[in-house]
Amino acid sequence: MASLKWVLMIGSFLAATSAFAEDPPIVGIDGHTVTFRATKWTMPGVDSATAWFAANGKTFPLFSADVGADGHPDWLSPDKKTLLLDPVVFGMLSLENGEEKLESQQHCDVISMETGCVLAERSPRFCLGKWVGNQWFSEDGEVLTPTLETESPRDWLKYISTINAAQSRADSIESGLTFLSPESYMACYPPVQNVQAYNDLGFYLAEGGRDELALKFYRGVETVGKRTVLMLNIADSLWRLDRKDEAQRYYSQYRDAMSADGKAQKIPRRVVERSAIQGMKN
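What the sequence shown shows, in mature numbering (1 follows the signal peptide of the UniProt record, and there is no 0), is residues -21 to -1, 1 to 261, in sequence order.
Some hints here could point you the wrong way.
[What the hints assert, rightly or not] In the DSS-like style, the derived pairs of lysine-lysine whose C-alpha atoms are separated by at most 30 Å in a straight line are:
{"no.": "1", "residue 1": "Lys80", "residue 2": "Lys37"}
{"no.": "2", "residue 1": "Lys80", "residue 2": "Lys60"}
{"no.": "3", "residue 1": "Lys195", "residue 2": "Lys223"}
{"no.": "4", "residue 1": "Lys60", "residue 2": "Lys109"}
{"no.": "5", "residue 1": "Lys242", "residue 2": "Lys37"}
{"no.": "6", "residue 1": "Lys137", "residue 2": "Lys109"}
{"no.": "7", "residue 1": "Lys137", "residue 2": "Lys80"}
{"no.": "8", "residue 1": "Lys60", "residue 2": "Lys195"}
{"no.": "9", "residue 1": "Lys223", "residue 2": "Lys242"}
{"no.": "10", "residue 1": "Lys137", "residue 2": "Lys59"}
{"no.": "11", "residue 1": "Lys205", "residue 2": "Lys223"}
{"no.": "12", "residue 1": "Lys195", "residue 2": "Lys59"}
{"no.": "13", "residue 1": "Lys137", "residue 2": "Lys223"}
{"no.": "14", "residue 1": "Lys19", "residue 2": "Lys205"}
Keep in mind the hints are simulated off the structure, nothing from the lab.
Because the structure is a prediction, the values reported are computed rather than measured.
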């Protein structure tokens, strides 16, 4: 029996399509854009691009790094507030004879051109259809009025917190982000309204060894303000990623904040030791 390096399924009716960096951006409401960037894939035979959202001077990927995407101007709603995209994730199928075969899994995702939020996810066939007014009618008869369906971080955490093993918690969060980036997720649920939830998601990821991904959520929380515990969490993740100079700056900020609050005795020993290394450098 053939085995998959990761679980995937694909309908035979829709092949992975390509979007190229030289294609013009899709321009939505208020001049917000989705552009497609050519990407060098490690897997042979992959010909796709990544999708990026830009608005108000900020640019971020709509999907995770290993997800390609395709889109067309006629998938943009008449009011320019909603866009359909066809993301695809690639994997290698290991066959019994030792050979490997490229496989892919696709979705049809609903994107807010106001925020860059991935509002909803459908099967790939859903992208076959047309806009009637600002409702999308698929060829299979499904009708979409764009609304936010992506699960909130608080509801997500209710499930994540029931998983006991740290590694399993981190794996579950990472798999939940296969078809959207942390930046897009936070565009759906702004950090200013979800500080504790994003800090917890970041902590669970870091606890399970996903520090790079954890930092995405920590950085989102950081835009709201420098909370004392957040500075320690960021410092620990940076340290494990061997970004020690940057980590030491956060350790020093954490140490100073704790001292200013009269909590110097509660500062973890590692903070003192790692801040001292920075002090000797200086």
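Evaluation of the provided hints:
The straight-line distance between the Cα atoms of lysine 80 and lysine 37 is roughly 38 Å, outside the 30 Å bound, and the hint therefore fails. Under the criterion of a C-alpha separation no larger than 30 Å, the hint pairing lysine 80 with lysine 60 is inconsistent with the structure, at around 38 Å. Between the alpha carbons of lysine 195 and lysine 223 the distance comes to roughly 18 Å, so the proposed pair stays at or under 30 Å and holds. Simply put, lysine 60 and lysine 109 have alpha-carbon atoms about 15 Å apart, close enough for the 30 Å limit, and the pair holds.
With a C-alpha separation of about 37 Å, the suggested pair lysine 242 and lysine 37 falls outside the 30 Å cut-off, and the hint is violated. Under the criterion of a C-alpha separation no larger than 30 Å, the hint pairing lysine 137 with lysine 109 is inconsistent with the structure, at around 37 Å. Taken as a hint, the lysine 137 and lysine 80 pair is broken in the structure, with Cα atoms around 38 Å apart against an allowance of 30 Å. For a cut-off of 30 Å, the pair hint linking lysine 60 to lysine 195 stands: about 26 Å separates their Cα positions.
Between lysine 223 and lysine 242 the alpha-carbon distance is near 24 Å, which keeps this suggested pair within the 30 Å criterion. With a C-alpha separation of about 35 Å, the suggested pair lysine 137 and lysine 59 falls outside the 30 Å cut-off, and the hint is violated. A distance of roughly 19 Å separates the Cα atoms of lysine 205 and lysine 223; the hinted pair therefore holds under the 30 Å criterion. Our distance criterion of 30 Å between C-alpha atoms is met by lysine 195 and lysine 59, whose separation comes to about 28 Å.
The suggested pairing of lysine 137 with lysine 223 is violated, with an alpha-carbon distance near 33 Å, which exceeds 30 Å. Restraint check for lysine 19 and lysine 205: not satisfied, since their Cα atoms lie roughly 36 Å apart, outside the 30 Å limit.
Comparing the model with each earlier hint shows violations of hints 1, 2, 5, 6, 7, 10, 13 and 14; every other hint is respected.
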